[in-house]
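Peer 1: Chains as they are written, first to last, in our numbering: chain X, 1 to 303; chain B, 1 to 303; chain S, 1 to 303; chain U, 1 to 303.
Bear in mind the hints are in silico, worked out from the structure with no lab data behind them.
Please note: incorrect hints may appear among the correct ones.
For identical chains, the list gives no copy identity; a pair is met inside one copy or between any two copies.
To be verified - Derived pair list, reagent style DSS-like, types lysine-lysine, alpha-carbon separation capped at 30 Å:
#: 1; residue 1: 104; residue 2: 183
#: 2; residue 1: 32; residue 2: 104
#: 3; residue 1: 20; residue 2: 83
#: 4; residue 1: 104; residue 2: 281
#: 5; residue 1: 203; residue 2: 19
#: 6; residue 1: 19; residue 2: 83
#: 7; residue 1: 20; residue 2: 77
#: 8; residue 1: 220; residue 2: 83
#: 9; residue 1: 83; residue 2: 281
There are 4 protein chains.
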Amino acid sequence: MDYQQILEDIYKEILPFAKKGSQADYIPALAKVNPDQFGMCLETVSGEVYHFMQSDTRFSIQSITKVFALAMCLSLKGEDVWKRVGKEPSGTAFNSLVQLEVEKGIPRNPFINAGAIVIADILLSELEDAESEFIGFVRSLCGNDEIDYNEEVAQSERQCGYLNAAIANLLKYYGTIENDIEKVLMFYFKMCSVEMSCRELAKAFMAFTNRQPFDYAGYKLSTSRIKRLNAVMQTCGFYDEAGEFSYLVGLPGKSGVGGGIVAIYPMRYSVAVWSPRLNSKGNSIMGMKALELLTTATQESIF
Amino acid sequence: MDYQQILEDIYKEILPFAKKGSQADYIPALAKVNPDQFGMCLETVSGEVYHFMQSDTRFSIQSITKVFALAMCLSLKGEDVWKRVGKEPSGTAFNSLVQLEVEKGIPRNPFINAGAIVIADILLSELEDAESEFIGFVRSLCGNDEIDYNEEVAQSERQCGYLNAAIANLLKYYGTIENDIEKVLMFYFKMCSVEMSCRELAKAFMAFTNRQPFDYAGYKLSTSRIKRLNAVMQTCGFYDEAGEFSYLVGLPGKSGVGGGIVAIYPMRYSVAVWSPRLNSKGNSIMGMKALELLTTATQESIF
Amino acid sequence: MDYQQILEDIYKEILPFAKKGSQADYIPALAKVNPDQFGMCLETVSGEVYHFMQSDTRFSIQSITKVFALAMCLSLKGEDVWKRVGKEPSGTAFNSLVQLEVEKGIPRNPFINAGAIVIADILLSELEDAESEFIGFVRSLCGNDEIDYNEEVAQSERQCGYLNAAIANLLKYYGTIENDIEKVLMFYFKMCSVEMSCRELAKAFMAFTNRQPFDYAGYKLSTSRIKRLNAVMQTCGFYDEAGEFSYLVGLPGKSGVGGGIVAIYPMRYSVAVWSPRLNSKGNSIMGMKALELLTTATQESIF
Amino acid sequence: MDYQQILEDIYKEILPFAKKGSQADYIPALAKVNPDQFGMCLETVSGEVYHFMQSDTRFSIQSITKVFALAMCLSLKGEDVWKRVGKEPSGTAFNSLVQLEVEKGIPRNPFINAGAIVIADILLSELEDAESEFIGFVRSLCGNDEIDYNEEVAQSERQCGYLNAAIANLLKYYGTIENDIEKVLMFYFKMCSVEMSCRELAKAFMAFTNRQPFDYAGYKLSTSRIKRLNAVMQTCGFYDEAGEFSYLVGLPGKSGVGGGIVAIYPMRYSVAVWSPRLNSKGNSIMGMKALELLTTATQESIF
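Next comes chain X alone, as it looks inside the complex:
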């Protein structure tokens, strides 16, 4: 499979979409990013790396961070995680409070904001210094100690993060989170603020792709558990566009409002793509299209 050629062909095909959509502007620090960027990187299990355009430019990974947080949490708590959060697709937007109220404070899954806030709470309870443990884990996944939080983005999100604060207060009301609301929110926003490039993301997700022993910074996961985590990505990774992504791309993946998307083809490759302009569901337009073209061109998907 000539992945480099496929990637280049994809880029030509998605060019007409280059000006479609607009970047997330509700977080001031994110609104400053040049929206006309695109990067893509595919890494195979045998270690070949194919990349294209701004694949080394770091961007705010935002919700993609939820995969790392869940992985840490599963390593620490095992199946007990599911006592605090569900694993069903939400069928609603990523930030809906309705479902949370109807379901009495148990978030539908760990990839909607409410669920990720609960995961943040669990990590805070389990770890003495959750912030440094988390970034250490992510650095270990990438083998790169320069990966870091962006304090400015985190602060910017906290200052205008009224909806997430509403969610955290509602969770506290229902008793689903244990720690101080401010502490939980700040940690949640810190995790979202991590900056990585497409190359680094593809590398980090290789750990969920290659079925090698998973042991990073002391956090271990069995193969069975990695497969289950991938299953959650498949059904819940794209909010109310999970079905669409599954249909068009056919791989487990996770998107973030920074414009990044990562997907994995178990035992084959991980792939990261980034472009800041989003569709109405909050997913990168060029990113979605690029991944659809990738699995169409390769005729490969998990289905």
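With the hints as your guide, set chains B, S and U onto chain X.
Peer 2: Positioned in the frame of chain X, the structure of chains B, S and U alone reads:
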């Protein structure tokens, strides 16, 4: 892989669940089935067949029929199907009207009742004799002309099918269905009443598993389309337990309130299991457990 | 109080609204009515009658009929009525199914469609010939035996009444209605099809206004029960505009999509107004405005 | 009308309910109140005062304060208030977030928590020292300068007020409140913490009852506006039990989780009742019953 041994081991492990749950009783004709039955059949793409217990006993396939109906519909209309029905997981019970009202009559996906009723309506509009075409298609998938509707079950369901009648009327109100309500409902219930055994179901689903040219009774599907249909099964095949099934089993599948479940492992095998006792979500308890044990034992899943 | 002058002044003030809104067109037989009509009639407890414009033209009373049906039902069953239907304002549109599903088949109040269908079901169970009993009761309230159903309107509504059929099926599913769905729906539509003029409506509602012994065609109500029925009109008579009507007009009342509105000022007067053009909530625009001006001019309301 | 006798008779009749229900315990400072207390006071427009039991004991008026806040707000802003908050009954519990999300941040009415928080925000924007202005207004209504906030209760509510904090954050997200969230919440809780006795409440509500020129501490309202405020009390004063109260009592009124209820019979009397044990809807059990018996005994209600 010694599938026969694995199946026999599974049976021992699920025996403790044999009396858990209860069969669907809202359809009088289904309530008469002996609930203490279990059958399982696994067919590999190379044609080996492993089966166990009542694997030749026919039962009401109920919602499993929605996969056949969608396949026919995709063959006839292609991607236009998605103008009439969505492909996102529903996050609610299979028979909810709330979502339908909120979303102005566009069912969330073709595997909840509302969506399957729309599919029935499309088939009625496209085909002169939808009933005989449909059963012909199913027979062709199985290579068995004895497969048939159970008229008594269909009538029984229609007579007490107030909720589905409510859904059909609401769809008609929103203009989502074209044909006469009674005609659409009756065809929908007829499709649900088809009776098949585990062996026949495993055989029929081989067509979605083996990536051979799909051409049955004149209905053709490209490989790409089959993969997409499988993706919809993955995200929407188990109502509000889709995430759970994906997590525990890791294969695309479809369940029915008759107690049957079919799952496929693309390019490897299709598997059908049947036991009438259901959990609170309407899925077979022994069936769910059996499939979880299967992918645990084989260490194989799409993730 | 010079009511005749007040009515004439009102007419001048509402003329600018004469072409605003549009009549109900989802019922073909109603769409044929000339929308540019207006009638008003006020009758005092001492028997004076003031009327204006097309106050003798009969029109389809539609949902106003629900007051008569509830009165009959309260006479027959007393407080037991409230075991089958609530008495809280709905906060949603008159025809919403969402609430019904969330609340497991108990309609919020007898003035939304679902509630009125339950009332129709109770009358059918209680009376041997509900149709003739009901029209007899209405005739008795008006002292006019020419009041009648409009068979054509009833049939027209049934033929396109998909939403009400959805509601009735959902009620049947939850076990809230006892009789055959078709029979209940047909009786419901018959009651809605009754035609009365503003003069006749004002006369009929005098029975809820004057605190004289209530005994019509054998149906009796105590003063306490009449006051309670009036309370339900106040809180539930205008669907999701109940608060607005209460705020602007300050009287208990009931509207219908035929463009009629009746309101009562206990121990003072009943007033009926009619004009077919409706606002987005399904209430007559000129009618709402006329009643607002009436209580503003008279400085009288129950508050 | 021998109101004193009626009050004494009422007390005998409600005694069997004395131990039913339980007091609000989610606010620690309120949970300390002796629940076995009861007070009642009726004041006529001609100045007669009838009272009984602990009618001079002050208690936390909680949501009753919302009437005072709305009155001030209407005086300051007139009908513009309704651009920021609706006036329709909510049909859901007093603290629901679902409705707020569905309706994009416009609270249904000023008497649910979300609406009262918006009113608090308006007062903060309009007044330089809202806290002293508000208590001055309430003192003026009672003619008693000893009425005051209970700082401990306010702090206690803020500390565990996660749900109200969720609501305030959601309102801020939708742009419905202008001021700092903490400031708005603290003012809201301060207003709720005001302590008054039944005698003082009956006196204060006389201003909404007697149609005398309304001018208290400089805040003026026209008779028309008072009547409209009373209409909002009627339809929205008891959360999802507004219909029940209207049906059983037939007077506009407002309840609080401190166990107080105030009702008014325009041009006749105002009446306050207090008993801490609440029903499942958050309304005083003995209070509701006492008022029902009052209007039954007097045969008087607005209907």
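Peer 1: Which of the numbered hints are not met once you compare them with the structure shown?
Peer 2: none
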